[in-house]
Amino acid sequence: MKTVCLNFQVSLPMTLKRYRFFSMGLDHNYLDDTANRYATQRAARMCYLPMNALLMSIIKEQAGKFKVSFTIDGITIEQLRAWAPEVLDSMKELAKTGCVEFVGTTYSHSLASLTDKSEFEKQAKAHKKAIEKEFGVSPKVFCNTELIYSDGIGEMTADMGYNTILTEGARHILGWKSPNYVYAGAVNQRQKVMLRNYKLSDDLTFKFSCKEWNEWPLTADKYAEWIEGSTGETVNVCVDYSTFGLTNEAPSGIFEFVKALPEAIIGRGMEFDTLEGSATKHQPIGVLSCPHPISWADEERDVTAWLGNELQNEAFSKLYGLKAKVAKVNNPDFNFVWSFMQQASNFYYMSSRWLGTSNGSPFDSSYDAFINYMNILSDFGLELDAQIAAKKPASRSKKAAAEK
Amino acid sequence: MRVLMFGWEFPPHIAGGLGTACYGLTRGLARNDVKVTFVVPRAHGDEDQRFTHIVNASDIETDFCRRDEYTKEIWENLSYISIDSNMVPYATPEEYFERREEWLKQRETSVVQDSWHQRYTFSGKYGANLMEEVQRYAMVAAEVAKAEAGNFDVIHAHDWLTYYAGIAAKNVSGKPLVVHIHATDFDRSGAINPDSPVYQIEKAGMSAADKVIAVSNLTRDICINKYGIDANKIVTVHNAVRFASNTPDYGERGVKQKIVTFLGRITFQKGPDYFVEAAAKVLKRLPDVHFVMAGNGDMFNHVIRRVAKLGIADRFHFTGFLKGDDVQKMFAMSDVYVMPSVSEPFGISPLEAMREGVPVIISKQSGVAEVLDYAVKVDYWDVDAMADAIYALVQYPALAGMFGRMGYDEVTGLKWNNAAAKVKDVYASVLNE
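These protein sequences, in sequence, are chains A and Z.
Take the first sequence: its position 240, counting from 1, is numbered 240 in the working numbering, and each next residue is one higher.
Take the second sequence: its position 56, counting from 1, is numbered 56 in the working numbering, and each next residue is one higher.
Quick caveat, the hints were computed from the structure, so don't treat them as lab data.
In this text the structure is predicted, and so the values were computed from the model without any measurement.
Here a beta-carbon is modelled for each residue, glycine too, at the ideal position from N, C-alpha and C.
Any given hint could be a false lead.
Derived, one-sided and incomplete: chain Z residues facing chain A with beta-carbon distance under 7 Å [as the list claims (entries may be wrong)]:
# : residue
1 : Gly228
2 : Gly254
3 : Asn301
4 : His317
5 : Phe318
6 : Val371
7 : Asp373
Turn these sequences into a full structure, and let the hints guide you.
See the structure below:
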């Protein structure tokens, strides 16, 4: 029986505020609270709340036959807790049904997997803890930030105990192979690699509202027919959660589409399952090798959207250069800044490939984003130095006391 | 003595040092009993008018039908000058692009028309249609000269943008013309291009003038050697600097580490590249010094990329264009000020820094180097010497203290009153001729 996995990526990055050089040394609040509250509450109102309610009603109706999967990072959980706690409540209700899977990811939606193994592990652990605390379930499947994956990242997650990982079904990795099967990782071949079917996923996110598309309007029946007609055992549709209500607003009919989808799928003799469930049911049909990092971004499906120019590389290396100092200070306020400074979005806004087109950036240009980020990072670095300097004499006197 | 003065900008609406210098000069002239009528495109209404009488060029009506011979001649003489966007003298790129976008959409400057007369509205900002504005300004200048006839003895024009206006006013009124060279095309582009319309306007202005005032000997030499102007006609009057009598409280300084500042337009002329390279050299030895580049310009993005590439972005900060109090605040926060200009006719910014007791490093290729003793002078291209001087001023408090103290005394001795008295002498000399 062909399995359909629905994975929703929920991510609300914390936006940095406009931070001038003159603020350095004086102002240590780096976040734009107004923008963050607005974005969170808008997403809650237009997407999270109506979609959660819809999923709940379908789960009840189908009595165990409808399952979905969420990837929600720690920063997003914090944002929801601060600005829209009712979303977290509805998520908890969903978790209780047993039909909803929560996937492991990085706590800060960070790019740590590309530079620092120990930080990556720390983030994955922190995220697991947050999911267990919030939803009472433990993630078994891993999906890295922006679906970033390589053989090395697969090995790291396998070592952490995740025996299944979800990544992009990138054409240059697959070649003639189909994304609709379970594969084995190249290093640890016991790890199962699940692949996102980008065509069917992007049809929902980017084409659903597009009236110029020759398949418009997309009905649940037509979509189920495409899934039925595709070769393979597990069709993994992985989309940003904002597909429902934000990218495609309610009048587009996206919620009606979701409502009709379960009957259309089940009626064609297919089933829904979680990523974990599908990976258990289906055997790997081959080994998938991926020496260079891939992601779900752009045509290239690589990581150059975040680390593609000298601005991004400089900011990234300066950020991780502070790691030892953050560990030394080990103060919750500083750890929080360290967490949100690692968000992939910070580097995405510095990308030069957009050249004026909107990439959702709150900044005028990649240069503007870079200057703002570096001002904050510099102030953060100075504050860390001040903390360490303040700590030193204390520890020395302690040592002196011990010697006496 | 009464002067009809043509400028392009006046505080608080300024894009660079020209407006500041004009303001200081008019104040100094007022103290020397010289009455100034300052013509500026688009007066905003909030200029300080205690010392000058500002005529808004946009308020002067130009009658198209009854053009007299002079304005007609100017219109005809200038109309062939093609609009060359590379010749924008100084403006932030934003202003430039905004103006250009607008211009590309409309293909003309906005002209306010009513049924009784035609009235030109100036953008008051530099843009791609600058040449057109220079022409129109000249036409209006002739009207101003007619309207103000009998109210002035001398015409004084600042920088090339107003030279045609000065010539037009001279033709209409028959009064002597003094042109004031604050910067030349040679400074801006680093070479003489005889085909450049700016060069031609500059040369025409200097030739038509009865006397030429240069802001430094450096500039005077350029006028003689590159423009072929008679040396006897050119007088050097160094700029001065005007300070508010009380310095405001800028609040607590956030960064405790040493701050080395560059403040100015980020363009080829100002040598921002050399500052970056010197910063990288200093940071190799002293990783805790902070460098600030304040300003904006066409090399902004280039400089940011270079800073990122050198890996010093956590010690090298950008503020963007600073306005009003923020400029003085930036000087007050600095421990060392650097002006690495490739070619600077005068350069008023180091004086503002010295007024805050900040030791300065200036390039030998600047006019201000002629009047300062208590400033470190280096060749703009000598980044090793520049790095060396920064290191010394940051590391040795005795040296920095000496430069700060002596520099303060030196700079407070540079008075616009004295400069204005020299300008008044120039006026007297052309009136006697």
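We went through each hint and held it up to the structure:
no. : hint   : verdict
1   : Gly228 : 43 Å, violated
2   : Gly254 : 3 Å, holds
3   : Asn301 : 5 Å, holds
4   : His317 : 5 Å, holds
5   : Phe318 : 5 Å, holds
6   : Val371 : 31 Å, violated
7   : Asp373 : 32 Å, violated
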